[in-house]
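Chains as they are written, first to last, in the working numbering: chain A, 4 to 272; chain B, 4 to 272.
No wet-lab data here; the hints were simulated from the structure.
Hints may be right or wrong, so weigh each one.
No copy is singled out in the list; a pair is fine if it fits within one copy or between any two copies.
DSBU-like cross-link-like pairs, simulated, lysine-lysine; straight-line CA separation at most 30 Å [as the list claims (entries may be wrong)]:
(1) K78 to K120
(2) K246 to K17
(3) K201 to K246
(4) K93 to K208
(5) K208 to K246
(6) K246 to K93
(7) K17 to K89
(8) K208 to K17
(9) K208 to K89
It should be emphasised that the depicted structure is a prediction, and the values quoted were computed from it without experimental measurement.
Protein chains: 2
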Amino acid sequence: MRAGFYQFKPLFGKVDRNLQKVISVLRDVDADLIVLPELAFTGYTFLNRREVMQHAEDPARSTTVDSLAALCREKNFYLVTGFAEKSKDKCFNSSLLIGPGGLMHLYRKLHLFNTEKNCFDEGDIELQVNSIGDVRIGMMICFDWVFAEVSRSLALQGADIICHPSNLVLSYCQQSMLTRSLENRVFSITANRTGLEKRPQGELKFTGRSQIVAPDGDLLFRAASQRETLHIMEIDPRRAHDKSITALNDVLGDRRPEFYSILTQREEV
Amino acid sequence: MRAGFYQFKPLFGKVDRNLQKVISVLRDVDADLIVLPELAFTGYTFLNRREVMQHAEDPARSTTVDSLAALCREKNFYLVTGFAEKSKDKCFNSSLLIGPGGLMHLYRKLHLFNTEKNCFDEGDIELQVNSIGDVRIGMMICFDWVFAEVSRSLALQGADIICHPSNLVLSYCQQSMLTRSLENRVFSITANRTGLEKRPQGELKFTGRSQIVAPDGDLLFRAASQRETLHIMEIDPRRAHDKSITALNDVLGDRRPEFYSILTQREEV
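Take these sequences, add in the hints, and give me the full structure.
Shown next, in the form of structure tokens:
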């Protein structure tokens, strides 16, 4: 399949302008799966929850989602994109899987980063893998990468490709995602954004370097830090079916879950 | 505290000679904690289980353990070392924590690598952290690194330092251990061996590059690939008490264990 990402700089609060830019770039692309950054249409650096609620959309009544679904239908491809989601009185830092048939799945970021905690509600739905044709897609968002539990949970559900919309500001993630791919024998596509976002409360510079990693931890492609980059490449998702790391070792089959019980214990407060 | 590793080349089957070498090197060292490689006294490339049984020892009746305990008493330090363990009719690829008071804890490798599966029994005891003074020590062995569940389980038990006796032959581990330290905010000391081990069934070359990593993922020291190296350095284990990665994020406190349930489910066969 032809899969990749579009790394760009969303303009804060300019949802329609960002949407038109994405559509105009992707309209000429030959691809099966394209991953976009976290909060790709709203921008990132919200002042507070009220500001999120001004820009967030209910995906069931969203011009953005409808337009992206029309694009997927027209182009016969799938998109994974970050999305500021409004759900009644809550708002989530979400990721959408959209295909020719419309919105297929929504994931709500489980591990909020820094001041996102002041702006968004914590994700409240289970990690889930979805099929597009024969290929199984898992989604996680940006800071979720720190928690090996997330990518592992997706791999255990059979994910071939972990789609990873991001707005990264720290320097650790790109290198660590090689380990995430390797330890789970899955592809990962990290779609980061570029640029400096200046808001009244300060500014953030995003680190770009979006990348595609193979199941053996090989970096297949990495973008530059501050250049808008569309990169689509041929990958064979069936490579992620082979979980062997030696002739006698399988990174999932060799697990010893009976010794991991502390991982799912709730904290005693 | 002063902590580090001794990277060397054990001679296959020469338990006493390897022991005397280790003792002669460590006798002059000023340290609090020293990590030795996996199977540090027997060598690695066993033909079969019978050959393991010929060289393995019951730690309760072991000249090797008694000698190391005497050394710890004399030097007032602690050792973590790989050890071929015989236990009745079973044998394990184990790691020992030995201090001035003798053997403190024994860990049996949970995830056997490649043909180790033909030679050793799978580890059968829980992951556990032990205190030496105020410092909490976790042990894992070599290939356990692939399974993020192991280091996480130790970190959740409060490990400040993950001691990691290794006989690495693949190229992935050293870089990935930076992620293991970072994602858990713990020190890690990977003590690998060097050299080529030739046996009738073939030969293996070990990758050296033993290392010490800080809780922020910084590589504090890495040895060369094929040079025997003793490296002891001052580290402050209290740094591992700080689990924050931003002002509002804590790599353990931010976990959402209610969403990780698949991690401890047994496989349906």
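Quick rundown of the hints versus the structure:
For a Cα distance limit of 30 Å, the shortest separation of K78 from K120 qualifies neither inside one copy, at 36 Å, nor across copies, at 50 Å. When the C-alpha separation of K246 and K17 is checked against a cutoff of 30 Å, the pair qualifies neither within a copy, at 43 Å, nor between copies, at 36 Å. For the homomeric pair K201 and K246, the shortest alpha-carbon distance between copies (29 Å) is at most 30 Å, but the shortest distance inside one copy (44 Å) is not. When the C-alpha separation of K93 and K208 is checked against a cutoff of 30 Å, the pair qualifies only within one copy, where the shortest distance is 27 Å, while the shortest distance between copies is 56 Å.
In this assembly of identical chains, K208 and K246 lie within 30 Å of each other by CA distance solely across copies; the values are 24 Å between and 37 Å within a copy. Taking CA atoms no more than 30 Å apart as the test, K246 paired with K93 passes between copies only; the shortest distance there is 29 Å, against 39 Å inside one copy. In this assembly of identical chains, K17 and K89 lie within 30 Å of each other by CA distance solely inside one copy; the values are 17 Å within and 68 Å between copies. Taking the shortest Cα distances, K208 and K17 sit within 30 Å of each other inside one copy (18 Å), while across copies they are farther apart (57 Å).
Proximity of K208 and K89 under a CA criterion of 30 Å is satisfied intra-copy only: 26 Å inside one chain copy versus 56 Å between copies.
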